[in-house]
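Chains as they are written, first to last, in my numbering: chain X, 1 to 325; chain W, 1 to 310.
Derived from the structure by calculation, the hints contain no laboratory data.
One or more of the hints may lead you astray.
[Unchecked claim] The list that follows gives simulated cross-link-like pairs (lysine-lysine, BS3-like), each with its CA atoms no further than 25 Å apart:
(1) K20/W with K176/X
(2) K84/W with K137/W
(3) K270/W with K183/X
Each chain, written out:
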Amino acid sequence: MFATSSQRKYWTFSGETELAQLRKEANERYIKTHGTKINEDSWPDYFFTVPEERVLCRHFEFLLKEFCSRFQPPMPKYVLGTSLCYFKRFYVHTSVMDYHPKEIMLTCVYMACKVEEFNVSIGQFVGNLKGDREKFANIVLGFELLLMDKLHYHLTVHNPFRPLEGLFIDIKTRCKKAEDIEKLRKDAEAFIEKSLASDACLVFAPSQIALAAILSVTSREGINLDSYVTDVLLEGASEENLKNTIYQIKRIKYMVKAQEPIARDQIQRLQRKLQACRNQDNNPESDVYQKKMEEMFDDEEENRSRKRARYEEEEEAETRELLGV
Amino acid sequence: MEEQGCPRCKTTKYRNPSMKLLVNVCGHSLCESCVDLLFIKGSGGCPECGTALRRNNFRLQLFEDANVEKEVDIRKRVLRDFNKKEEDFQSLNEYNDYLEMIETVVFNLTNGVEEEQTKKMIDQYKKENREIIQKNKSKMSKDEAYLDSLIEQEKHDAEFRKKILLEKELEEKNKKKLNKEALIDELMFSDMPASMIMATHKAATTETKENEPVQKSATHFSQGMKVGFQNMMPVPLEEGEAYQHVSITIEMCGPSLPLEDTLQSAGYLKNVRSTSDSERGGGFESRMACHRALQDALSGLFYFPGTSCS
Numbered sequence: 001m002f003a004t005s006s007q008r009k010y011w012t013f014s015g016e017t018e019l020a021q022l023r024k025e026a027n028e029r030y031i032k033t034h035g036t037k038i039n040e041d042s043w044p045d046y047f048f049t050v051p052e053e054r055v056l057c058r059h060f061e062f063l064l065k066e067f068c069s070r071f072q073p074p075m076p077k078y079v080l081g082t083s084l085c086y087f088k089r090f091y092v093h094t095s096v097m098d099y100h101p102k103e104i105m106l107t108c109v110y111m112a113c114k115v116e117e118f119n120v121s122i123g124q125f126v127g128n129l130k131g132d133r134e135k136f137a138n139i140v141l142g143f144e145l146l147l148m149d150k151l152h153y154h155l156t157v158h159n160p161f162r163p164l165e166g167l168f169i170d171i172k173t174r175c176k177k178a179e180d181i182e183k184l185r186k187d188a189e190a191f192i193e194k195s196l197a198s199d200a201c202l203v204f205a206p207s208q209i210a211l212a213a214i215l216s217v218t219s220r221e222g223i224n225l226d227s228y229v230t231d232v233l234l235e236g237a238s239e240e241n242l243k244n245t246i247y248q249i250k251r252i253k254y255m256v257k258a259q260e261p262i263a264r265d266q267i268q269r270l271q272r273k274l275q276a277c278r279n280q281d282n283n284p285e286s287d288v289y290q291k292k293m294e295e296m297f298d299d300e301e302e303n304r305s306r307k308r309a310r311y312e313e314e315e316e317a318e319t320r321e322l323l324g325v
Numbered sequence: 001m002e003e004q005g006c007p008r009c010k011t012t013k014y015r016n017p018s019m020k021l022l023v024n025v026c027g028h029s030l031c032e033s034c035v036d037l038l039f040i041k042g043s044g045g046c047p048e049c050g051t052a053l054r055r056n057n058f059r060l061q062l063f064e065d066a067n068v069e070k071e072v073d074i075r076k077r078v079l080r081d082f083n084k085k086e087e088d089f090q091s092l093n094e095y096n097d098y099l100e101m102i103e104t105v106v107f108n109l110t111n112g113v114e115e116e117q118t119k120k121m122i123d124q125y126k127k128e129n130r131e132i133i134q135k136n137k138s139k140m141s142k143d144e145a146y147l148d149s150l151i152e153q154e155k156h157d158a159e160f161r162k163k164i165l166l167e168k169e170l171e172e173k174n175k176k177k178l179n180k181e182a183l184i185d186e187l188m189f190s191d192m193p194a195s196m197i198m199a200t201h202k203a204a205t206t207e208t209k210e211n212e213p214v215q216k217s218a219t220h221f222s223q224g225m226k227v228g229f230q231n232m233m234p235v236p237l238e239e240g241e242a243y244q245h246v247s248i249t250i251e252m253c254g255p256s257l258p259l260e261d262t263l264q265s266a267g268y269l270k271n272v273r274s275t276s277d278s279e280r281g282g283g284f285e286s287r288m289a290c291h292r293a294l295q296d297a298l299s300g301l302f303y304f305p306g307t308s309c310s
């Protein structure tokens, strides 16, 4: 339930301004740590600005959605919702330059499949990709733990799809004049899908998004549900709560509808820019990354052998003591 | 498991259930009839190993394993000589060393390790400690004395109980006799109808029976332990406040939710897919899904970050 979830506690922000602030901080943090060798004047040319990061992120969110809709076997909608949510959460505190969105995007989808119990093996998963599948599998599995860490292991995502279902049931039961609301289901779901492309899941409660979806499609159809909302659904609510809820619904409607189209003409340039300024430590194709992985592996091996040696020594000491030598 | 049998005449316990296997110091067994036959003169050699044996050294075999039998026998003999008590030593360590020495001796003799040497050692020990051995032989150990006293006490108690029981029986008999006589007297001389006299008499006898003191049940075993479980194990008393159930309050952050049980009467279930038989078999009911959907729909409606929710 959302009210007691980690989603509400840690991953719902007050609004676009707070999100913009956090993203700016992530961007600055990256530039500060990686920009020491570069002249400060050329920073804007070399590194991404915050709006540029947003453009690229939204482009990859779009790709994610395409990937999910073409996925075989067909994927339930809430898997898409969860993976988009992971993707957005990831880039709230992390810069695009730090981890390439293409890799994170795939990992997000793979993890959402697991969390939402949409059972696909990694082989089946990369089967939906073109190119070197083994390499993709390695990338996804390699970033899986990192992604969970960055999400602080808050893996349960409350999507607006179930609340929408609940509202449908409630309206059918308690609102006599809108009994044939079922025919609006497709439109309402389309609204929610559209909301997934915005930052709504980082700002609003899923039930609010679902309610906004229903109110948006009914008003378009000319059905007035105002009396249902104020007298039935929110019956007994305080004046302030009522006002706030209606305000939130308005904000959602605005946020979903006022999405700017993605600036596709910039994508090519941004991708090239990203190749130059991305963090090579986190690039699975770079030498640095491979060296790091090897070192980690060796370290593990070394640690293990060191541990083993210590155990043996201890055991020997024990036997010596036992024999009284 | 191998059937136990006499190695000489091949009789087995199965064929002759009354067969008794005997053993002598060498540890080889023979049946009773073979012993009678072979040792008619009183002594002779063991048919298996040729050790010289005496007839009156034969004992009933207690253990199936001849080795165990032999060890028990040897231990008995060794302990006859090595009969020092803990009180004879200055420290516990010395006593433990002594016990260990006994074990070594027993082991050596049983398994035939350094037999000669061990025997010599025993002889030497006997010589050196003759006085103590003699003294300890006559002296009863503390444990034995204690056991004896316990047995004595038990015997005493049993006798006492018997006596009381006898007395009681006698008393009862007398009482019955008296009652009977009184009844007959009354029937003879009273003016009341016989049935009434019988009734009052019956009432009187039952009353006396009830007045008899109830015998106290034994509260102690002979070992001094209390009957029952009070003292067997000290059950740790758990202290602290008793658990009190407080039903959880669900933070909804939204309008109040209809109870799961009332969904049916409120008509919600009409708008939900009804469960199939196989789903119901697994304990799933449509109201669960319905309730969850409604809960999700209402929870968080009043969530306005920035302003407090609850």
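CA of K84/W to CA of K137/W, is that 25 Å or under? The hint holds at about 9 Å.
When you check the alpha-carbon spacing of K20/W and K176/X, does it fall within 25 Å? Violated: K20/W and K176/X sit about 99 Å apart, past 25 Å.
Distance restraint between K270/W and K183/X, which requires alpha-carbon spacing of 25 Å or less: 17 Å, holds
Comparing the model with each numbered hint stated earlier shows that hint 1 is the single one that does not hold.
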